[in-house]
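Read off the chains here:
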Amino acid sequence: MIPFTITQAPSTHEAIQAAAAGGRYIAGGTTLIDLMREEVERPDRLIDINALPLKHIRAEGPDLIIGALARMSEVAVHPDTRRLHPVIGEALIEGASPQLRNMASMGGNLLQRVRCPYFRMLDAPCNKRIPGSGCSAIDGLNIGHAILGTSDQCAATHPSDVAVALVALEATMRVQGPQGERTFPVEELYRLPGDTPHLEHTLLPGELIVEIRVPGLSYSRRARYLKVRDRASYEFALIAAAAVIDLDGGVIREARLAVGGAGTRPWRLRAVEQALKGKRLERATLEAAARTAVEGARPLSGNQYKVELLPRTIVRALELAGEIA
Amino acid sequence: MSDDKYWDDARGDVDIASTRALSRRSVLQLAGAVTASTTIPEAFANTTPAAAPTPAAAIAAKVSFSVNGVRHSLELDPRQSLLDVMRERLELTGTKKGCNQGACGACTILVNGKRIVSCLTLAAMHSGAEITTIEGLASNGDLHPVQEAFIKHEGFQCGYCTPGQIISAVGCIAEGHAGSAEEIQFWMSGNICRCGAYPGICAAVADAAGRN
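Chains as they are written, first to last, in full-length UniProt numbering: chain A, 1 to 325; chain B, 1 to 212.
I should point out that these hints are in silico values taken from the structure, not numbers from a laboratory. Yeah, the Cβ is synthetic: ideal placement off N, Cα and C, and Gly gets one too. Be aware that one or more of the hints could be misleading.
Said to hold, decoys possible - Calculated lysine-lysine pairs in the DSS-like style (CA-CA distance at most 30 Å, straight line):
1. A:LYS55 to B:LYS62
2. B:LYS152 to A:LYS55
3. B:LYS114 to B:LYS62
4. B:LYS97 to B:LYS62
5. B:LYS152 to B:LYS114
6. B:LYS97 to B:LYS114
What the hints assert, rightly or not - Example chain A residues on the side facing chain B (calculated, C-beta under 7 Å, incomplete):
7. PRO10
8. ASP34
9. SER97
10. PRO98
11. GLN99
12. THR196
13. LEU199
14. HIS201
15. THR202
16. SER233
17. TYR234
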């Protein structure tokens, strides 16, 4: 690790000032410290934001409010999460390990870096780490990589589970920065890699995630997060799907669907949602709708299986959601 | 080639050149560092330039926390993980360093009653914390029920992961996640055992949870 200083921010205002002057926020640290040890991340000033009053989890009417410093494990078991948006708890519990969930903050979870092996391999080209150096995964080990939203420069998936659920539920995030405060959909936090894979998110310099708001949804209890992976726990998704459905006598009135492990960012599937509208919750119907998810998919040498696995995971997630009374 | 790259994490801020007699661990560290420096191919070593930290470059951070009921006020290098401070500074070597990247759980400790991996957090971030390591579980010479259960069910073979497994099990039981074999497997999955002593570990956690 290269030397750095660390200071405790006593207030949000002072934290933002320190970040505007070039400091990096640290909360749980589970991504950042790991990457600093590998010297993939090389900040010289850390701002410890853990003392800021952003650990709240509460209901505001039908909405669920989650402070950016609330820990994954706390959000997962909170009565308001379980009551208003149980799929958020399910997605959180399917991520990381119990120890890491006790450490990782919600804001940090959304901003975690990719798990492409080449990103942390200093002797391998990686456009995300060194712009213009090339992508080792395109012709290398790419079993876990994306089939949607990729470019010739990068095909790494965003690894967060809970971000998939938040995108399906149309959550918004409030951020504060040197220029003031703004609110936007969590979905818009993420950029596509395009020709600039080193730019991963849309935060402005110094901006701090303050809080996440998940709007109330009348049918949010009929929701499941299905994660397909190489082992039953403590593993990143090969494909994951968050499915939320409004059922009326076996007919889908509305559906919300987002997937992980498939795209270069948490991937909302609006075309599939539209295709499901007014359809019966039956295997053949679901399969036909789910097939549209992989239109335009660009598999690499090692991840063609995802073209099949993605629609199947979607179908199963919808069926599981439909089984909820 | 500098040895610093290979020593940095392991040695913490222990002064190798101090007049204190070399402990068995220090000798092992020295031996390990020499081995590393002679067996890592030069081409590989060159790709990760050692940022050879000099004493002048190390900026001290102050932290005060309680470990197993004992208060400690320390001045340390901000780079030091909580794990390294436990092992190298406080000489609480029960907590093990396995992968040092949050994947194996050998370094699990309790911070304010919650299980965390101590390798992925900076000691400087824990002022005011109440920390429990494996050394703090027994009381008045009596083993903790989870420790007893691990012995009874042979929840280990080589023993390297065991302190982390036991601390993690204490957290798992306190969280109420030890109700069935399946639940124990899922909620203990942050702790890897290369010997594969999982049946004994699961039995021990179930037994200790039942006794609670």
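Checked hints:
Between LYS55 of chain A and LYS62 of chain B, the direct Cα distance comes to roughly 24 Å. Compliance with the 30 Å bound is thereby established for this hinted pair. Our distance criterion of 30 Å between C-alpha atoms is broken by LYS152 of chain B and LYS55 of chain A, whose separation comes to about 41 Å. Annotation: proposed proximity of LYS114 of chain B to LYS62 of chain B holds, straight-line Cα distance about 23 Å (limit 30 Å). In summary, the hint linking LYS97 of chain B to LYS62 of chain B is supported, as the alpha carbons are separated by about 23 Å, within the 30 Å threshold.
Our distance criterion of 30 Å between C-alpha atoms is met by LYS152 of chain B and LYS114 of chain B, whose separation comes to about 25 Å. Our distance criterion of 30 Å between C-alpha atoms is met by LYS97 of chain B and LYS114 of chain B, whose separation comes to about 19 Å. Residue-level restraint check for PRO10 of chain A is violated (minimum Cβ-Cβ distance to chain B is 13 Å; threshold 7 Å). Interface restraint check for ASP34 of chain A: the shortest CB-CB distance to chain B comes to about 5 Å, inside 7 Å, so the restraint holds.
The beta carbon of SER97 of chain A is positioned within 7 Å of a beta carbon in chain B (closest approach about 3 Å), and the interface hint is therefore held. Interface restraint check for PRO98 of chain A: the shortest CB-CB distance to chain B comes to about 5 Å, inside 7 Å, so the restraint holds. Interface restraint check: GLN99 of chain A against chain B, minimum CB-CB distance 5 Å, threshold 7 Å, status holds. About 25 Å separates the beta-carbon of THR196 of chain A from the nearest beta-carbon of chain B, more than 7 Å, and the hint is not met.
Using the Cβ-Cβ criterion of 7 Å, the hint placing LEU199 of chain A at the interface with chain B is not satisfied: the shortest such distance is roughly 25 Å. Here the hint on HIS201 of chain A is broken, as its CB sits about 22 Å from the closest CB of chain B, past 7 Å. Proximity of THR202 of chain A to chain B is violated relative to the hint, the smallest CB-CB distance being about 27 Å (cut-off 7 Å). At its closest, the beta carbon of SER233 of chain A sits 4 Å from a beta carbon of chain B; the interface hint therefore holds under the 7 Å criterion.
About 4 Å separates the beta-carbon of TYR234 of chain A from the nearest beta-carbon of chain B, less than 7 Å, and the hint is met.
The structure fails to meet hints 2, 7, 12, 13, 14, 15 from the earlier list, while all remaining hints are met.
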